[in-house]
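Protein chains: 4
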Amino acid sequence: MSATRYTYLGPEGTFTEAALRTLPEAAARELVPMVSVPATLDAVRNGEAAAALVPIENSVEGGVTTTVDELAKGEPLMIYREVVLPIAFALLVRPGTALTDIKTVTGHPVAQPQVRNWLSAHLPDALWESAASNADGARLVQEGRFDAAFAGEFAAATYGLVPLVSEIHDAANAETRFVLVGRPARPAAPTGADKTSVVIWLGDDHPGALLELLQEFAVRGVNLMRIESRPTGRGIGNYCFSVDAEGHITDRRVGEALMGLKRICPQVRFLGSYPRAGVAPADVRTLRPGTSDEAFMAAADWLARSQDGRF
Amino acid sequence: MSATRYTYLGPEGTFTEAALRTLPEAAARELVPMVSVPATLDAVRNGEAAAALVPIENSVEGGVTTTVDELAKGEPLMIYREVVLPIAFALLVRPGTALTDIKTVTGHPVAQPQVRNWLSAHLPDALWESAASNADGARLVQEGRFDAAFAGEFAAATYGLVPLVSEIHDAANAETRFVLVGRPARPAAPTGADKTSVVIWLGDDHPGALLELLQEFAVRGVNLMRIESRPTGRGIGNYCFSVDAEGHITDRRVGEALMGLKRICPQVRFLGSYPRAGVAPADVRTLRPGTSDEAFMAAADWLARSQDGRF
Amino acid sequence: MSATRYTYLGPEGTFTEAALRTLPEAAARELVPMVSVPATLDAVRNGEAAAALVPIENSVEGGVTTTVDELAKGEPLMIYREVVLPIAFALLVRPGTALTDIKTVTGHPVAQPQVRNWLSAHLPDALWESAASNADGARLVQEGRFDAAFAGEFAAATYGLVPLVSEIHDAANAETRFVLVGRPARPAAPTGADKTSVVIWLGDDHPGALLELLQEFAVRGVNLMRIESRPTGRGIGNYCFSVDAEGHITDRRVGEALMGLKRICPQVRFLGSYPRAGVAPADVRTLRPGTSDEAFMAAADWLARSQDGRF
Amino acid sequence: MSATRYTYLGPEGTFTEAALRTLPEAAARELVPMVSVPATLDAVRNGEAAAALVPIENSVEGGVTTTVDELAKGEPLMIYREVVLPIAFALLVRPGTALTDIKTVTGHPVAQPQVRNWLSAHLPDALWESAASNADGARLVQEGRFDAAFAGEFAAATYGLVPLVSEIHDAANAETRFVLVGRPARPAAPTGADKTSVVIWLGDDHPGALLELLQEFAVRGVNLMRIESRPTGRGIGNYCFSVDAEGHITDRRVGEALMGLKRICPQVRFLGSYPRAGVAPADVRTLRPGTSDEAFMAAADWLARSQDGRF
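Protein chains in written order, with the numbering used here: chain C, 1 to 311; chain W, 1 to 311; chain U, 1 to 311; chain S, 1 to 311.
Be careful, since some hints might not be right.
Which copy? The list can't say, so a pair holds if one copy fits it or any two copies do.
[Stated by the list, open to error] Derived SDA-like pairs: lysine to any residue, alpha-carbon spacing no greater than 25 Å straight-line:
id: 1; residue 1: Lys73; residue 2: Asp170
id: 2; residue 1: Lys195; residue 2: Gly233
id: 3; residue 1: Lys103; residue 2: Ala277
id: 4; residue 1: Lys103; residue 2: Ala157
id: 5; residue 1: Lys103; residue 2: Leu224
No wet-lab data here; the hints were simulated from the structure.
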């Protein structure tokens, strides 16, 4: 194992690399691009890397299902950090190319819906063909196979290109969330603005099971921030749910909710408790009365006294 | 304090005395009738008696509100046993009285609705006047102030009367539940067929508070056996709820539900965990999956491992 | 039937009579006191009276169970009005009696807990004996059988007594709610500050049935103002619930909630929709978004268009 | 518009075409392959086709997000039929190719996880490169750019290939669900085994909103068969839900649940009620008591009578 190596979903020049470089600890690490999400994560599982950064959710396209599914299955991994990156594309071209020269454009399939409107307005006749990644599209432009590629502006230098247009994004607020994943270990201490990720399998053929799942959170005042259904692979109609909840696993309300899920669901996988990106403790929604650690401890004390007949 | 004295709602010859005598330990105690439920319970609070038996619920009339309110307020007391007694009345008369001689009848006001149909069928012209208790009615017959009294057949000897008719009860299954009450102490160990009593105050003016109260039980799979609304004395629309739940306070699911209530309600009073009268462990409803002590402990173990990052 | 006769729970001089006289229409009616709640209501069932006023709830003692049970059973009746009366007792004596002369006091058993503190403070040695009603206690004082009676001050004149002390009530905010009951007919039109009363029977032995009952109200945003458990007479553990909900049966949210109850419960009895005493439309809690009649009608319109494939 | 033309997600030889050909009405239609899901659906929106068949859900990969999002946005469309096709791949090669000759394989990216295990076992050294569709992969083999393609066996003839191995699928029960989509019109009459599809937007930043959404279904006894979260495009944390529920929009319980959603959610889009593929009315789960059309009509009748005071 190399404690100094971090893998990320490559190639060089992707938004994932840009997200990784926002982490201070990345400066002291060897950053290794990998060809796929499974390969990026397997390097951690195999001990070849200390951690891996992968995209998990995009505000336009939704969950990155490969990441969600990889974290739900196989050798357990845990999330230790998240990074949220605003997504804006630059139109990268070889030096000297003008907008009117562009007949063919490329980019990752996920990029297409995010630049579609811009394309119809500015390059209505350009032919789109998908590339394996945005960075790969840039490489293909470098090689002369396309006239222009949509990619992060930061990818230009890597491939000897220049940004012809910047800040292209059809949807306002487009952003991608990335997670830093490592082998299981004790989560970092709570910061007061934390998030807990978990995958929950529902029992077969039990109408109302999802409602019961949500009630385990609701009755303890734990807010859900994301819920994503995923097939279990056992046929249509069998789902598991990937869930992000407000709070830390060491918060009593979160712990009790997780135990409740563990008791009623066939399987629960804890994916980590970690600080919420860009959210300070002061920004966190006020707890529902009766759900603070203090309230939990006072109630436990009261129960112990009641069990002894002391009032 | 006298550890050998039990009080009960008197006078002698009431159903309460009959219920008390069904308890084996009553044989070794001095049984003292009291004039009212508050007096019966205050003797325990004052240390003049070790325990008190009082009626708490009647299948025809409902909760005995004085008992419910006395247990909810004042110096805390706890329930250690319950006794359920089928209620059937005898028509007690002085020796020599025939049915056709009866012009006036008496009994406790609670008895009246339970014998009303019998009266219209067999003594349509008899005049009813209420007595302070069934036994007191018997005494008034002994004194010649009424011709007949409805009371328990066991009261006849005490007052020199004879049962003219037995087993009178309009409603099938009429029964009264009594509780044996003492000062707070550690509840008896669970038997596998237990009941937990509690009084819960709702926060002011919070629509949906009762629903939340019930959900604290439901989400842990704890069944309710009785729920009775009582005014708090703070004006119409302010209630507390007297509740009996299946299970023992040392059952994890019950303990967690009670802590949940303690957290969200302004006040919760634990009234005891005790064996269910006439119910064997084998008769108890099967637990909902995931709510046994084993499931709770397995989940707690899983949580501890997850908090340490051990899977 | 006499359209001009109203019965009330007598005798003359009770709080019930005082409550009835607050209704403008009472001035034009013959007001007839009856000996019991069943007799008061049966006069309406039999056509001997157009309406009856009976107490239904007391802020200290709770539900008046005879009234609640009478409305739940037998020939259907409906509630058309409610009256809420603050309860304060006067100590009525024969002219010339001083406080130091009082050795014996009487009053309705319900009055006792409401004057208990006053009694210990001012007449600690006086002997209490219950009377059949507060007014009856006044009569017994008139007849010289007791020295003083707790009753409404308005009862003094009827029985030739004088109030020695006024405004006696241990609990602040003590009040009693009365209902004006008639034979079933179309309820009055909604006023904007209405209440709907209903009795709901739960299915046998179905844990969670009460929770489902409450959810029928909650999911339509209908607030509950009162819920009172009553035995069904079929043995301990069998309950029905007497419920008051905010709103009028012609409000869509209330109608849909009642239909939901009707579908899932073995029996539902509608007891009436009527104006809330002392509450103006402007004082009513704001409706939860999406539960107004307009929202219901817009949704019904949307459903009809969807069923036709028109968007 | 051409009432005789159906579009489908092409090219020729895809599983979508195979699914479309299972529909009897397809025999009489001109079947036109399109290059993308949006193009396939836009042909219907534009009136160039009467209906379109597109994949919507795969038991291995989950929802086909392009389809789900296309149906949620833009000009409304409706689902009229569903087809479920078991997915098994054949390894297609040019005539004469042996297993040992295969150095490069291709197929749709979605195919890869479904044949990954088979590949490692039988062609561990073969190089995988993705194609735009399974059928497109077959075309590339025909052109000699790859040695083998994973595709449906039915695609072999179209591209002059032969199946070297059949029935390849890592996951048992792999299947894909397709929907036949048309312009909005009145849904077909209920068959007794129907499904209703709807897209529901949650209000912003309202913890518990998903729970409320599910309760609208649960309280009317409507079972959910599929729930899929999708981003709304308004930033991370904003979701809509694509839901399939048991029953037909003309079933009372379904209609009332939909109206409930319409009232509390900012937007609801009805996507159709249609027969469940491969499910006969006799196979449908028994309705919860009180949720049949009969129960709804009886309750509506009871409400109308209650509003008139007729019992």
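Results of checking the hints against the structure:
1. Lys73 <-> Asp170: Between copies only: 15 Å across chains, 34 Å inside a chain, cut-off 25 Å.
2. Lys195 <-> Gly233: For Lys195 and Gly233, only the inter-copy Cα distance (22 Å) is at most 25 Å; the intra-copy one is 27 Å.
3. Lys103 <-> Ala277: neither (40 Å within a copy, 45 Å between copies)
4. Lys103 <-> Ala157: within (22 Å within a copy, 35 Å between copies)
5. Lys103 <-> Leu224: The answer is neither: 46 Å in one copy and 48 Å across copies each exceed 25 Å.
Checked against the numbered hints given earlier, this structure breaks hints 3 and 5; the rest are met.
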